[in-house]
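A.B. asks: Below, each chain spelled out in residue letters.
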Amino acid sequence: MADTDIYDKYVDIFNQKKHFRKLEGKDVVSADSYVSCADNIRVYVRISDGMIEDASFDKVSCFVGVVVSEMLASDMIGKPVSYLDSIDIPHINKLMGVDVTQNFQMNGCAELPVSAFREIAKKVKI
Amino acid sequence: MDKPLIPKQEFPIFRNNPTLTFLDSAASSQKPSYVINAMGEFYSTTYANIHRGMYKLSEESTNLYEKAREKVAKLIGAKPSEIIFTKSATESLNLLAYVLDPESYAVSLMEHHSNFVPWQQMAKRRNRPVSYIDIDDEGFFRELPKSSLYALSAASNVLGTLNNIGALCREIGDNGGISVIDATQAVPHDRFDVRENRCDFAVFSSHKMLGPTGIGVLYAKEGILDNARPFLFGGDMIKSVGVEGTEFSAMPYKYEAGTPPIAEAIGLSAAIEILEKAGLENIRKHEMELTGYMINAIRDMENITYYGPRDPGKKAGVVAFTVKGMHANDVAYFLSNKNIAIRSGHHCAMPLHKRLNVTGTARASFYVYNEKADIDTLLDALGKLNYR
Numbered sequence: 001m002a003d004t005d006i007y008d009k010y011v012d013i014f015n016q017k018k019h020f021r022k023l024e025g026k027d028v029v030s031a032d033s034y035v036s037c038a039d040n041i042r043v044y045v046r047i048s049d050g051m052i053e054d055a056s057f058d059k060v061s062c063f064v065g066v067v068v069s070e071m072l073a074s075d076m077i078g079k080p081v082s083y084l085d086s087i088d089i090p091h092i093n094k095l096m097g098v099d100v101t102q103n104f105q106m107n108g109c110a111e112l113p114v115s116a117f118r119e120i121a122k123k124v125k126i
Numbered sequence: 001m002d003k004p005l006i007p008k009q010e011f012p013i014f015r016n017n018p019t020l021t022f023l024d025s026a027a028s029s030q031k032p033s034y035v036i037n038a039m040g041e042f043y044s045t046t047y048a049n050i051h052r053g054m055y056k057l058s059e060e061s062t063n064l065y066e067k068a069r070e071k072v073a074k075l076i077g078a079k080p081s082e083i084i085f086t087k088s089a090t091e092s093l094n095l096l097a098y099v100l101d102p103e104s105y106a107v108s109l110m111e112h113h114s115n116f117v118p119w120q121q122m123a124k125r126r127n128r129p130v131s132y133i134d135i136d137d138e139g140f141f142r143e144l145p146k147s148s149l150y151a152l153s154a155a156s157n158v159l160g161t162l163n164n165i166g167a168l169c170r171e172i173g174d175n176g177g178i179s180v181i182d183a184t185q186a187v188p189h190d191r192f193d194v195r196e197n198r199c200d201f202a203v204f205s206s207h208k209m210l211g212p213t214g215i216g217v218l219y220a221k222e223g224i225l226d227n228a229r230p231f232l233f234g235g236d237m238i239k240s241v242g243v244e245g246t247e248f249s250a251m252p253y254k255y256e257a258g259t260p261p262i263a264e265a266i267g268l269s270a271a272i273e274i275l276e277k278a279g280l281e282n283i284r285k286h287e288m289e290l291t292g293y294m295i296n297a298i299r300d301m302e303n304i305t306y307y308g309p310r311d312p313g314k315k316a317g318v319v320a321f322t323v324k325g326m327h328a329n330d331v332a333y334f335l336s337n338k339n340i341a342i343r344s345g346h347h348c349a350m351p352l353h354k355r356l357n358v359t360g361t362a363r364a365s366f367y368v369y370n371e372k373a374d375i376d377t378l379l380d381a382l383g384k385l386n387y388r
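Chains as they are written, first to last, in this note's numbering: chain P, 1 to 126; chain R, 1 to 388.
In isolation and in its complexed conformation, chain R is listed as follows:
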């Protein structure tokens, strides 16, 4: 942790902003030159629309897009046919909310709004019951209620809490339920295997794992969406179209209507190469050390209240806190004046903040380019915070 796992020099944002202390990767990560160059190279040398061109460029473009799908699948222990590219994790979850038709829903209070609101709204529209899964003060799920579908996060974007998703998915599956796992804060930071975890569905986004914005991933267990209706209609998702009706493509193409985020898939593929090269186990270890260091340091700061598990082995690399007598937004404003970037507010998790009885929190989050010195800079600034 004394130095970044991947040198800051590999990220143009740090070369161009040498005094920047970036601690907001849970919102979105910075991009290495390797990813930026891969996308630029693709647009400059190989770009064409995929799947329907008989010419060489289109073939090459298609190959790169499908290789990206293979790389994503391998990363999480899935088959390529189980990987649907969407525009974001949010779209992946909305897709599921539209095409799945469970009798009842169970959603945890700790979910990001993207894994909360779609289910809540769809249940309301369909007049189906929703159960809300309570958490303890550290963010561990309490007992699961009986339900047909469960929407759960693998890692909380606020508390960092790592629930035992494998055990939960097994329990859900053994009782005939469907598990939808928001793995957005998990996949970028540690090995997350959908088969080991027995997830029915898992979603994550590229932009939180060194990749570009504009592309998300939906893992759907083989066979589970075969009979479901498509979410969007259009080109590239059909077998045949006629006035008498339309026959749809097989998985995963049935759910990829229109021209997909091709260059973004290439960028995501490059990001995965970087993460694999660094080693996901090493990333986890690096972030655990940084997290443990910060938790220990703020333990002795009287003006700081910490939220979440104290054991860094039970949480992802995010640290949520409040500063006594200061609004979280003002904490972020003051830190911003020292070129320290953290997040403040409810982090798209208002039900969680209501559960914690706090309006908002400040959140520092770590990734491969962070080092102990970044946290020291933050701690030094936190120690001097006040309105005067």
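So that you can see chain P by itself, here it is in the shape it has in the complex:
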């Protein structure tokens, strides 16, 4: 799939930005992630009784970073916290239906939310 197809396919997810917001509260865990292009996102996960109740992100990222963050946040809500530990690039490829490793830049953009959510996995010690 060419880059343009990804833009066409996921533009609604990008424009709606359903999970682009800050979460607050004692039950919220957050983590930052940076990539060499200078983008930076912060992700938030609300956990209750070992389950992910809500997930979101904010700060700065390009189209791919936003779409991957949106898809992950949407996918993880209602799942056990162990989901966080399963997040990696092959998981992103499955969610998006495209191999992001085929594009060096796109892979870097996808890594941004991946590493942030995995940082949360470390924090909650799954």
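In case anyone wonders, no lab produced these hints; they're calculated from the structure. From a predicted model like this one, the values you see are computed outputs, not experimental measurements. Hints are not guaranteed to be accurate.
Taking CB as the label site, the calculated pair distances span [unchecked claim]:
| hint | chain 1 | residue 1 | chain 2 | residue 2 | range |
| --- | --- | --- | --- | --- | --- |
| 1 | P | V124 | R | R310 | 47 to 57 angstroms |
| 2 | P | D99 | R | R52 | 45 to 55 angstroms |
| 3 | P | R42 | R | K146 | 33 to 43 angstroms |
| 4 | P | G78 | R | R15 | 54 to 64 angstroms |
| 5 | R | G166 | P | V124 | 55 to 65 angstroms |
| 6 | P | V124 | R | K146 | 48 to 58 angstroms |
| 7 | R | I36 | P | K125 | 53 to 63 angstroms |
| 8 | R | K124 | P | Y34 | 13 to 23 angstroms |
| 9 | P | G78 | R | P145 | 40 to 50 angstroms |
| 10 | P | G78 | R | A373 | 50 to 60 angstroms |
We treat Cβ as the ideally placed atom computed from N, Cα and C, and that holds for glycine.
With chain P held as given, fit chain R onto it using these hints.
C.D. replies: Coordinates of chain R only, in the frame set by chain P:
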């Protein structure tokens, strides 16, 4: 500006990609057939290692390598013994960071990381103070702090800002300081004379001036490195070696350990011939016209924010901008789909982008093969950009 200063036909990349609009020469320039052929010819007819062969091929190879040094020296008003070949401008700056030992450092916020990080890290390692030179919103340096060494760019790779390097180097020298000038975005685009500018050190790279990758230049004012220690040790940089110790060669060979980038020097030499033939003053004029044209055009585009001096006479041929509501990387992705190549991100200048309070910018940069039509293609695409 209605046509390229050097025809696109002289560059195989444009013959092979006829619809390509290449506006990323500040990152690396395209290569003319003349340069490619010069390197191929050298490898095919004259190649041998230099300096240590008594046979004819080695002599010829050595002559061509040293003639390349002479050509580089002449280009910037230096002596051949003041020219050190390195693998890149980055290596030139790292070499200086290792061998110079100043009491304090002053680095501008506008520097490319290659003229920022080496000084920052070496100061940290040596526990020496670093001052950061602020800029105004157009990239002109504010007052220089007191320091032993100053690392400054002659032309910003993001804003294009041309600071008055001659005046700054004089001020630095008169106060007993050392000037290290990153001339990477200056030498390829205009006449840059190290003596007129009174630089102590200046660096630039071949690949940004029609030459090959793999070779950079370090100009070191005569005498200034005579007592400094070498950066790399090995062959070709020694006078004698024994178990009791090693005596090093004189400048510039002391700093050229190992087999140097020989074919790359030949390629750089060929590139300089092309630039001299086109005329550096003509290159400057051509780029100023293109830059002025683009700045004027985007002035009326509500979705574009421009960064840098508005006067093309005060800047090099780079135009940094952001598109309202769009990430710079996405701007570059969309343009790429129309076969337009620009740069996006922080352009290896994160402190500058923090100073400008922007995460990243899109950057179009011009060179001898660009023409007004390239900018029109870009402007047309910019006018139609959106995520939907």
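A.B. asks: With reference to the structure, classify each hint as holding or not holding.
C.D. replies: Here is how each hint holds up against the structure:
Between V124 (chain P) and R310 (chain R) the beta carbon distance is about 52 angstroms. The supplied range of 47 to 57 angstroms therefore holds. Distance hint check: the CB atoms of D99 (chain P) and R52 (chain R) are about 50 angstroms apart, consistent with the given range 45 to 55 angstroms. Distance hint check: the CB atoms of R42 (chain P) and K146 (chain R) are about 40 angstroms apart, consistent with the given range 33 to 43 angstroms. At about 57 angstroms, the beta-carbon gap between G78 (chain P) and R15 (chain R) stays in the expected band of 54 to 64 angstroms.
G166 (chain R) and V124 (chain P) have their C-beta atoms about 59 angstroms apart, which keeps the hinted 55 to 65 angstroms range intact. A hinted range of 48 to 58 angstroms for the beta carbons of V124 (chain P) and K146 (chain R) is consistent with their spacing of about 51 angstroms. Between I36 (chain R) and K125 (chain P), the C-beta spacing of about 57 angstroms keeps the proposed range 53 to 63 angstroms intact. K124 (chain R) and Y34 (chain P) have their C-beta atoms about 20 angstroms apart, which keeps the hinted 13 to 23 angstroms range intact.
The supplied range of 40 to 50 angstroms is broken by G78 (chain P) and P145 (chain R), whose beta-carbon atoms lie about 57 angstroms from each other. Against the hinted window of 50 to 60 angstroms, the Cβ-Cβ separation of G78 (chain P) and A373 (chain R) comes to about 55 angstroms, which satisfies the hint.
In this structure, the one hint that does not hold is number 9.
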